[in-house]
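Engineer: Following the hints, put chains B and C in place on chain A, whose structure we already have.
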Amino acid sequence: MVSTTNKHTDQITTAQAAVLVINYTLGASIMTISRNLLEAARTPDIWISVILSGLICFLAGLFILWLCQRFRGKTLYEFMPEITGKSVAYVIIIIMIVYFITMSAYELRMMTEVTSDFLLEDTPRWSIIMAFMWIALYLNVGGINSMARLNEIVLPITLIFFMVCILSSLNLFDIKQLRPVLGAGITPVLHGIMPALSALTGYEILFILIAFMKTPKQGIRALHAGVWIPTMIILITVILSIGVLGLYATANKTYPTLTLVRSYEYQGLIFERFESLMLVIWIMQMFTSFSIMHYAASLGCSTMFNKKPNSLLFVTLPLIFIVSMVPKTLMETVKLGEMLGVASIILFGGFPPILLLVSVIRKKGMRRK
Amino acid sequence: MFYIPKWSVFVQSTLVILIPILFVWVSRRLRDSIRSVFSLHLDKSKNVKRESSLSEISGTGQYDQDLQMLQESMAHNADVHFREFTIRGTSCRAVVVYVEGLANSNLIDSHLIAPLMREGVPEADREDFEQSSESIQAYLESHLLTVSHLRWGEKLQPFVQGVLNGSSGLLIEGMKGFFLVGMAKGKSRNVEDPISEALLRGPRIGFTERIGENMGLLRMHGKDEGMVMKKYEVGTRVKKELVLIYMKDIANQELINEIDSRIRRMAIDDPMDSGYIEQLIEDSTLSPFQQLQNTERPDRVIGAILEGRAAILLDGTPFALIMPVTFSMLLQSPEDYYERWISGSFVRLLRFSAAFLALWAPSLYISFISYHSGMIPTSLALSIVESRQGLPFPSIIEAFIMELSIEILREAGIRLPKPIGPAMGIVGGLIIGDAAVNAGIVSPFLIIVVAVTAISSFTIPVYSAGITLRILRFTAMIFAGIFGLYGVIMFFLLICSHLVKLRSFGIPYLSPLVPYRFRDWKDYVIRSPLKILKQRPAMLNPRDKDRRTN
Amino acid sequence: MSRTMRIGLMLTFIVLQVITTGCWGHREIEDQSVYIGLGLDVGSPSKFEQEANEQGGHYPKMNTVTVTVQIAPAGSSQKQGGQGSPSSGSQGGSYQNQQLTGDSILQVFRQFALRNEPPLVGLHLKVVVVSSELAKQYGMGQIFDFIFRDNDIRESCLVMISHGKASEVLNSQHPGEIPAFRLRDAHRNRYRNQKILPPVTLVMLENNVRSKSSFMLQNIVSAEGEQYLSGAAIIKGETNKWVGELSEAEVEGLSWITEKKLGGVVKTYTIDGRAITYEIKNASAKVVPIVSGDDISFQIKISSEGRLIEDWSQPDITPQQTTVLQKLEEKFEEQARKQLGQALYKLQNVYHTDAAGFGEQIRISHPKVWKKVKDNWDDIFSHVPISYDIKMTIIDYGSSKE
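Chains as they are written, first to last, in UniProt numbering: chain A, 1 to 369; chain B, 1 to 550; chain C, 1 to 402.
Incorrect hints may have been included.
[Said to hold, decoys possible] Result set (DSBU-like, lysine-lysine): computed pairs, CA atoms no more than 30 Å apart in a straight line:
#: 1; chain 1: C; residue 1: K338; chain 2: A; residue 2: K176
#: 2; chain 1: A; residue 1: K335; chain 2: C; residue 2: K212
#: 3; chain 1: B; residue 1: K185; chain 2: B; residue 2: K230
FYI, nobody ran anything at the bench for these hints, they're computed from the structure.
If we strip away everything but chain A, and leave its shape as in the complex, we get:
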């Protein structure tokens, strides 16, 4: 297959790669993460699960990194046929494209759900979605470089706002809610790993990013940032939700993170309530992760069909729209998210070691020093 993108002019720096991984990871799931975790394990220890799954993600990311470094300058879609042969590769690539399309549809749908619940109650959903998608399209047409730059603008804004909003609840924090540590033993903690993983998977985008990096050797830095920063943020979110809201309220709220911001009130500031502010700021975060997923899906298609990525950006758009409309209710959407988490663990946690093994055995790609 021919390289369809110009990787010489459209390169990204290491910082940009790191930012892209972080933005890809932190999406809609942060709104519901504490509840998802508590549904899997009703214990305040789930923050340990978050740390553990951060570790797992890092390990899984390492495999992807090794794999990518054997094939310099090639994306997953391009080197896959070299490892497994064309027919098998096509099947895997199609599955991955479907994964990315579903993932972006999920992101889109969650965004719409939150927005129409808390921001625009009477605005038709299609108009919310279309505005979102078109702007993402406009951005993505500019290629990975402009995407990376937008991510660089957005990330500090969203992180700072999010942290300020979340940390403002600190004076309601009650450490008693988090105690006792490991009161119910280690098993519930292990139960919590699955939902934590599905919120933390983001390392898979390295499959694509490494190929665009100016210095692919520094991929490990991007991985470190891309795993540990989201882990930290989710950790803080989970700890604060439980510490402030309490175990039972957290488990009962649809969007515990929003509830967290709604549970305090400061008087005498320009805004008294931060939840809408945090929400719209976080919509930017969802926008960036959506655009990265959309780009990843379109890049896969473009490599498969040997077309320019730009035209396929247009084609995948209605597909994503239709998929995002498939779940009938919010609960189904959340379930879709969980399924995606499992899919991602199999696809990007299980596959890469096998692929690495195969490529070593078949002596494909460069050998590492």
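Structural biologist: Frame of chain A; chains B and C shown alone:
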């Protein structure tokens, strides 16, 4: 089957793809049509040369014939005068051609006619003098014409153009060509304080309309032999002088080449102002953001070229152009560097937040009032509810009315004669605002918002950037009217998406913000102490990175 | 070119169409009724409703709950309906109370539309007051179900119990004052008075309700159109219903163990019946659960430092003498012990409810034991021996020595 969405979803999904395609198609057509009007890629085959009777004609050496030719080509102009005389000591006839009001009559009288008529050629030199055309030329140059600025040519066309541009033409019997003596002394104004970019601290010099003087101002300012002033002649019909200025050992050569090629490709009959140049060589015509910065201040130009940028001066305008432009430049002022760094940084921060307000304040107002009343603190919300009781319009209409009227006021304020300007401003601003509140058309909170917005937009040191901000503000208001805060965020993302794609002469418009160049952030929102700013901005990739080396 | 123009025009029209038909969701702030206080009472239709009913204005419902909403500022169109206080002055502090009865809070809210009021929005709801009568009949989970679910109401909203009618608590006789704001700001004075409970917000309430633990809510009485914070209402975890009240003194006594930071006073009498007052500077309390086998007991250790701030005895006690000082300290300790003991007695023997968080201590320090006892903790708690030890030290006599 259960999970197949309704048919309306499929209709919407076709819309999702159709509208962008339509949009792309239209914008492409638009871009193409723009290109065919003012072309960067001038199509040579289409470019029909202007019929010119003069272009191929040269002087013949026959005095009568040449004179007649000159008269045919110029004498129909009422302001062209021919002064015939004989050079003393010879029988050579001579004629001085000049344009009244433009040519330097002092120079003609005392350095042209006086030496030729009064001193002439001494007996001893007469033989040498009359030998040939070349000898006449040489003798005149070395003995008689006591002027510094002297050009010689055989072709008729440059001569005619030269005369019409204000030089004095000299034709001498027996000489196979023409002299152009001196330069135009057209009317020029004094060097004044730059009106559009007044500063409290810093040089009070602004460019004038004369390119020679402007170049002089720059030379005066920066006594550096590295400063290159490259001259171009632009305009297909009306020729104008354009000068590209940069620092030879600082500016990146690729950048200079790019600018050079764009200037050469530019095709227009008469670039009346540097604004023409700006619009012809900019990267993106459809962008609302300016990609070249115009300035009246020589210090700004010097500052820019010392960073590794380039500047363009055009004859006939006091506005120089600086390129490439990055977003931060639009909010920076030379004063930031003249003041100490703490106050400079403070003022700059203030300006950034003012720009933020000027862009977003009305749209935030609209979204808070019409969509997210929960975000307003309760006690404020209650008083807003009270003050808005019985208003006829939704906030978007209300805001549009007030914003439009304040923009009209601003526009009117520029055209109003100076003595009535402030008076009208007060009448318009205070009385209309007060009356609108009393009449129950708008709420007093909106007046505050509009006033803050208007004042904030005047803090932007580059006037054209202020206009961009105004346009975007209205668009943001529409977005806020449709989607509330969500719309505001979407519009922010749209602007950012546009900005990250935009380049000015190959330099990303948003650099050094993105891609992260932490070293350049020292001079961004914060202006660090000069002792720290040792490096030139890395985004411009200058040849000489260190500011301290000589 | 002309085709481009045509398409361009078409696009413009589409955009205009969107803009004009757009603004779907916009609801101007003045077109809504912002309610800032909510009172829930046992259903008893107001006069307005009775009259309307007689003329056929009714719909199928039970009269379970009477909802009082406090709308601010009072709309320009002052409706007769609510029996709330008339708007008092146009300056800021005007409000109106509206009442309707029904069995679904949301339906009642929507019913306001029939009275031609702008729709109610709960974005600025500050305080919910439930009458003890209603809380006795229905569990807090039932009463608050709509409020927990509604996405307009913020979780920072406060919850209180009124001894009498909630609608009366939401009234004020003072002009220019909004009762809901007064209630919201009441707990700000806690740093000077321990008789006020820490504020309970909706999210805390929800956590308590869902975890089925017992808790206390601020009790309010209203007298002469003024609210008075008096003691605490106790909600039993099992049923989430109101079981009784603690008096001010008992709340003060309990505050030794429930509060992190104390700012109150302890007043006692000298032998000859003169009041002397101790101002708490700092205090620390430790509740230590002791588990041996199946036996659970608690040990409370309280130590405090403070100043002697008021003394009515004649002649003045000279506290410079250590013996006198010790005697005084003992007096104060005794008083505190009395208050605490009284409160604990009531909780254990009258209400059989652990509203002071003893269970929490077991859960944290003995999670395995807690698993066994948590289902009938309230019963076990009633028989648990609690010993307490209070140590108070006077370190300071204020700015006056005598």
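Engineer: All the hints need checking, so say for each whether the structure fits it.
Structural biologist: Checked hints:
1. Proposed proximity of K338 of chain C and K176 of chain A is supported: the alpha carbons are some 28 Å apart, at most 30 Å.
2. Using a Cα cut-off of 30 Å, the hinted pair K335 of chain A and K212 of chain C holds, with the two alpha carbons roughly 28 Å apart.
3. For the proposed pair K185 of chain B and K230 of chain B, the alpha carbon gap of about 22 Å is at most 30 Å, so the pair holds.
When held up to the earlier numbered hints, the structure conflicts with none and fits them all.
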